[in-house]
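Asker: Work out the full structure, taking the sequences as your base and the hints as a guide.
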Amino acid sequence: MADVQIYTQPWCPFCERAMHMLSTKGVAFREIDAPHGSAARAEARQRSGGRTSVPQIFIAGEHIGGCDDMVALDRAGTLNTLLGLA
1 MADVQIYTQP WCPFCERAMH MLSTKGVAFR EIDAPHGSAA RAEARQRSGG RTSVPQIFIA
61 GEHIGGCDDM VALDRAGTLN TLLGLA
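Under the working numbering, the first residue of the sequence shown is numbered 1, with each subsequent residue one higher.
Don't read these hints as lab results, they were simulated from the structure. Check before you lean on any hint, since a few could be wrong.
Ranges between beta-carbon positions, derived for each pair [claimed, not checked]: (1) 74 x 3: 16 to 26 angstroms; (2) 78 x 53: 15 to 25 angstroms; (3) 61 x 86: 11 to 21 angstroms; (4) 10 x 71: 20 to 30 angstroms; (5) 47 x 72: 11 to 21 angstroms; (6) 75 x 39: 31 to 41 angstroms; (7) 77 x 38: 28 to 38 angstroms; (8) 63 x 10: 18 to 28 angstroms; (9) 60 x 20: 12 to 22 angstroms; (10) 75 x 26: 17 to 27 angstroms; (11) 68 x 35: 35 to 45 angstroms; (12) 11 x 68: 11 to 21 angstroms; (13) 37 x 85: 34 to 44 angstroms.
Treat the numbers as computed from the prediction; the structure is a model and nothing was measured. Even glycine gets a Cβ: it sits at the ideal position worked out from N, Cα and C.
Answerer: See below:
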């Protein structure tokens, strides 16, 4: 199974949706708390090519985007392959 990292912040419905989706699939992930102004948020921005929103999701070190991007990958049928589930 692929290494999954997700940068989040408290009270973020998109973060909750993304983590729920991963949990439902049985995927272990590392949640990185990245509130505004934190070093983790700056790291997420750097790793994602400048994106400032959360969540920012990385699968096997590759940035896949945010929650909507992950949902789109799932609908396209490619997310499970990226996660190593297929």
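Asker: Cβ-Cβ distance between residue 75 and residue 26: within 17 to 27 angstroms?
Answerer: 19 angstroms, holds
Asker: Per the hint of 31 to 41 angstroms, is the separation of the Cβ atoms of residue 75 and residue 39 within bounds?
Answerer: At roughly 34 angstroms between Cβ atoms, residue 39 and residue 75 fall inside 31 to 41 angstroms, so the hint holds.
Asker: Please test the hint of 11 to 21 angstroms on the beta carbon pair from residue 61 and residue 86.
Answerer: With Cβ atoms ~19 angstroms apart, the hint holds.
Asker: Does 11 to 21 angstroms hold as the CB distance between residue 11 and residue 68, or does it fail?
Answerer: Holds: the Cβ-Cβ distance is about 18 angstroms, inside 11 to 21 angstroms.
Asker: Range hint 28 to 38 angstroms: satisfied by the CB atoms of residue 77 and residue 38?
Answerer: Taking Cβ atoms as reference, residue 77 and residue 38 lie about 35 angstroms apart, which means the hint holds.
Asker: Within 11 to 21 angstroms or not, the Cβ separation of residue 47 and residue 72?
Answerer: 20 angstroms, holds
Asker: With respect to the beta-carbon atoms only, verify the hint that residue 37 and residue 85 lie 34 to 44 angstroms apart.
Answerer: Roughly 35 angstroms apart at Cβ, these two residues keep to the hinted range, so it holds.
Asker: Could one say that the CB atoms of residue 63 and residue 10 fall in the range 18 to 28 angstroms?
Answerer: 22 angstroms, holds
Asker: Using the Cβ atoms, figure out if residue 68 sits within 35 to 45 angstroms of residue 35.
Answerer: 21 angstroms, violated
Asker: Using the Cβ atoms, figure out if residue 74 sits within 16 to 26 angstroms of residue 3.
Answerer: Holds - the Cβ-Cβ distance for residue 74 and residue 3, about 18 angstroms, lies within 16 to 26 angstroms.
Asker: Taking the Cβ atom of residue 10 and the Cβ atom of residue 71, is their distance within the range 20 to 30 angstroms?
Answerer: 21 angstroms, holds
Asker: I want to verify a distance hint. Is the separation of the beta carbons of residue 78 and residue 53 within 15 to 25 angstroms?
Answerer: 22 angstroms Cβ-Cβ, so the 15 to 25 angstroms window holds.
Violation of the numbered hints given earlier is confined to hint 11; every other hint is satisfied by the structure.
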